[in-house]
Amino acid sequence: KACSFIFLTICYPCFVIWVLLQSFFILST
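For the sequence shown, counting from 1, position 23 maps to 23 in the UniProt record's numbering; every step adds exactly one.
Worth flagging that the hints you see were computed from the coordinates, not collected in a lab. Everything numeric in this text was worked out from a predicted model, so none of it was measured. Cβ coordinates follow ideal geometry from the N, Cα and C atoms, glycine included. Hints may contain errors.
Label-pair distances were calculated between CB atoms; the ranges are [stated by the list, open to error]: (1) Thr-29 <-> Lys-1: 40 to 50 angstroms; (2) Phe-7 <-> Leu-27: 24 to 34 angstroms; (3) Ser-23 <-> Cys-3: 23 to 33 angstroms.
Starting from the given sequences, assemble the full structure and let the hints guide the process.
So, in structure tokens, the structure goes:
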């Protein structure tokens, strides 16, 4: 359970931000 908690609180938000940045750069070029 600790791994899932760490994933949901740290890895998932970072992943979402990364995807948003990627799509932003793709759209802006």
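Hints versus structure:
| no. | hint | verdict |
| --- | --- | --- |
| 1 | Thr-29 <-> Lys-1: 40 to 50 angstroms | holds (41 angstroms) |
| 2 | Phe-7 <-> Leu-27: 24 to 34 angstroms | holds (28 angstroms) |
| 3 | Ser-23 <-> Cys-3: 23 to 33 angstroms | holds (28 angstroms) |
The earlier numbered hints are all upheld by this structure, with none contradicted.
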